[in-house]
Amino acid sequence: MSDFVRNEICEGVAFNSIVDTRFKISRISASLAAPLNKKTAAANALLSCVLTRSCKKFPDFTALSRELDALYGASLYPSVRRFGDFQVITISAAGLDDRYSLDGESVSSQLTELLCSILFEPNLKDGLFNEDDVEQERRQLIENIDAEFNDKRTYAINRCIETMCRNEPFSVGRFGSREDVTALTQESIFNSWKQLLDNSRVELAMLGSADPENAYQGFKKYFADKPRKTGGTTTVVKDIPEIKRITETEEISQSKLVMGFRAAYPENKTQLVANSLMSAILGGTPTSKLFTNVREKQSLCYYCASRVDNSKGIMLIDSGVEIKNIEKTEEAVMEQLRLLKNGCITDDELNSAKLAIKNAYISSLDSLGALQSFYINGILLDKAMSPLEAAAIVDDISKDQITELAKQIKLDTVFSLIGN
Amino acid sequence: MQTANCGIEMNFTEITNERFGEKYYKLHHKSGLDIIICPKKDFNSSYALIGTHFGSINSKFIHNGKKVTVPDGTAHYLEHKLFESEEGDAFTLYAKTGASANAYTSFDVTCYLFSCTDKFDESLEILFDLIQSPYFTPETVAKEQGIIGQEIKMYQDSPEWKVTMNLLQALYHNHPINIDIAGTVETIAEITPEILYECYNSYYNLNNMVLCIVGNVDPERVIEIADNKLKINEPVHTESIFPDEPYEVKQSYTEQKLPVAVPLFALGFKEKAPKSFAGTKELICTSIILKAFAGSGSSLYRRLLDEKLINSSFGTEYMEGCGYRTVIFEGESRDPEKAAEIIKEEVIKLHQSGVSEQDLEIARRSVYGEIAYSFDSPSAIASEVINAEFTGRKISEASSIIAEITLSDINERLKDQLDTGNCCLSVIKGID
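Chain order of the listed sequences is A and B.
Residue numbers for the first sequence follow my numbering, beginning at 1 and rising by one.
Residue numbers for the second sequence follow my numbering, beginning at 421 and rising by one.
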């Protein structure tokens, strides 16, 4: 596996690559990061679906799908996520490594060409996107938004974040709202395409055995003369005047408890890693405080997990419990958090969390998808590092550093979804 | 694919997948355990998976001449409880090696796994101890009721899980595939330490188990650890009993109301199912048929999209095992009945026209790619290996078979599948 290589194409646009011959798949992707904003979120999300549905070269959805099938089941898909107060739109293509094609054709060069075509030469008519494509994708995106309610764990987490961050950009859903998607015009989608390509921060990535030069040149042709200023910060809240409590009722057998906390927003790589380590000690592993006490000792739940979001400086703890145990579970969680803040961390707890986190970092070297996420997330936080560097940082983190970060954790919102 | 003895003293059989450059080393260990190793020398991690051919459907069996029936959900309960031994729980031991450990129970297997980047030997020892030291007391068994009870309730609220489970209940009259893997809060209340020991002794014999390791490991070292840790198991005779199942579906429609914003559907076509497993060739033919017929490049997919009846959640699945075989079309839809009607209409047309030569070639390449991609994932390799061992299919034969599949193979296979007179629609609708 080669080292990670980063080439800046122009201000705000970079091409990242890793040559790695261990895999049978190659991946290529374009991540576009724009400030998260109610006005543009829906348009960006719908655009990502419309772009991957057809392009100038394959102006029909079925023709494009068949092309991908014939290209050894290559995949081409959009993903949309919230990352701090930014919305990140990623268009990814993945396909068979050239060495394994049945008749010796180069899959990777075709994939590169296809991704460039998807991004830069969409299926436009009179300067607007194909209307059928837009309407089909609009309907599906609305169903996607509606279906987030189907999975109650996801729904409860989304409602907690929405409530906790209600006056911040982070409260905007990754797809925007149903109403915003419904109201989008052809012009707004076209504008979103121009804006994203010409003004957002762009992180391109190619991983696999193919020579990345081809893809680099393809992207460079478009981006070389389009520098952009890519500022923008994420709102970090430290003071909580009052804990927000929201309870909703649904016809469900298991109630959901989601607790939203403000946590430290990492200022450097060490804090970033330490925040993750702290969450692992609290509720990230089967030997964590929450798992051993709330699940194993008190048998209150099947899952009770914490996860820290370093892009926003928040932490969420969620659990599925009996309605009568909601308060008891909240108390049990707060008790474990209190212990963590007071420095009650045994050497075993610290060491096993360190080993678990290091195992996760180093394992990511064996998956191109995991590697891509690891690097791109680090880059977007301006704290780029390799998984091995992150693993080395873990070794040097002390109990005091963990306690210091734990002390910054403050309960902000409690969302309960209860059965009736 | 070639098979040969690799010449080292351990008596490994070497299996090579030339096309993808993968090698497997297989050995029947003196303890009774089959061990298969797929070395990936340039990987940083190692993944170990050990499985027993015992899942939720094996609830009736004959062990040492005695007929046994256990409560629904016992296999899954046993999986949870095996993590505890007299000395403590396995998670605490894994915590010292840094391995990430887990386990799962399906309809027909129970598997225990870990993945690690350091201290592989110690983690493998923990895994061997875990499956060899059952320790069940009334107290430890009772403690799990609350935890598994919540796991069951979590699944009861999952529309994706319920739409499939309801379908299986409506398709099958007698086969235990119609029973939820985890059982119910009531059935797990009947589980006792004696029942768990009975199942353990019947199915956790090493002769009934397979270990697969993928990653940066030395096969000879694995055998040394096995030699030290594994007790020699005398084979036991345990026979699972499956009731006779009629060909016909039990019901053609089933519906449940849950709080969902978009309805879900699963349309299942029940097939003739002998009490044996489908072969690799049959499975590949089915994958090709489903890709050509219902993949995102198919005319069916396009028609359903154009009529606004599906979204990107739409997909197909083939569920097969001892005594059950069903093709399932599933997804979210504003109008599940209409979507099902169209799928059935198109199935009738497919039976008339067969799969075309061009569709076969495109689907062949796509399915070939999917097989290739699975080799990038140690967990996918390991579960494929364990599956192959339990079902009598050969490891890694899919990539060579797929190149040879002909149009007549496909259309012959199609005759036994997708009977529109023997299907059922399961729907989850929102609460009014």
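Fair warning: there could be bad hints in the mix.
[Stated by the list, open to error] Mimicking SDA-like on lysine to any residue, the simulated pairs with C-alpha atoms at most 20 Å apart in a straight line are:
| no. | chain 1 | residue 1 | chain 2 | residue 2 |
| --- | --- | --- | --- | --- |
| 1 | A | K221 | A | Q110 |
| 2 | A | K297 | B | E564 |
| 3 | A | K354 | B | K582 |
| 4 | B | K539 | A | A392 |
| 5 | B | K582 | A | I252 |
| 6 | A | K38 | A | K221 |
| 7 | A | K221 | A | A392 |
| 8 | B | K563 | A | S299 |
| 9 | B | K443 | A | T21 |
| 10 | A | K324 | A | E251 |
| 11 | B | K677 | A | E143 |
| 12 | B | K460 | A | R22 |
| 13 | B | K701 | B | L827 |
Rather than coming from a laboratory, the hints here were simulated on the basis of the structure.
* Decide if the proposed pair is consistent with the structure: K38 of chain A and K221 of chain A, CA atoms, cutoff 20 Å inclusive. => This hinted pair is violated, its Cα atoms lying about 32 Å apart.
* Starting from K324 of chain A, check that the Cα of E251 of chain A is at most 20 Å away, please. => Cα-Cα ~15 Å, so holds.
* Asked: Given the hinted pair K460 of chain B and R22 of chain A, is their alpha-carbon gap at most 20 Å?
  -> Status holds; Cα separation ~9 Å.
* Asked: Is K563 of chain B within 20 Å of S299 of chain A, Cα to Cα?
  -> Roughly 7 Å separates the two Cα atoms, so the pair holds.
* To do: Mind checking the alpha carbons of K582 of chain B and I252 of chain A for me, to see if they're no more than 20 Å apart?
  => holds, 13 Å
* Please work out if K221 of chain A and Q110 of chain A have their alpha carbons no farther apart than 20 Å. => Since the Cα atoms of K221 of chain A and Q110 of chain A sit roughly 17 Å apart, the hinted pair holds (cutoff 20 Å).
* Hint consistency between K221 of chain A and A392 of chain A [alpha-carbon to alpha-carbon, up to 20 Å] -> Violated, because 38 Å separates the two Cα atoms, which is more than 20 Å.
* Taking 20 Å as the top limit, are the C-alpha atoms of K297 of chain A and E564 of chain B close enough? -> holds, 10 Å
* **Straight-line alpha-carbon gap K701 of chain B to L827 of chain B, limit 20 Å** => Distance of about 13 Å is within 20 Å: holds.
* Given the hint that K354 of chain A pairs with K582 of chain B, does the C-alpha gap stay at or below 20 Å? -> Not OK: K354 of chain A and K582 of chain B at ~38 Å, beyond 20 Å, violated.
* To do: Sort out whether E143 of chain A lies within 20 Å of K677 of chain B, counting only the CA atoms.
  => holds, 18 Å
* To do: Assess, step by step, whether the Cα of K539 of chain B is no farther than 20 Å from the Cα of A392 of chain A, and give holds or violated.
  => Holds, because 17 Å separates the two Cα atoms, which is no more than 20 Å.
The structure is inconsistent with the numbered hints 3, 6 and 7, although it conforms to all the rest.
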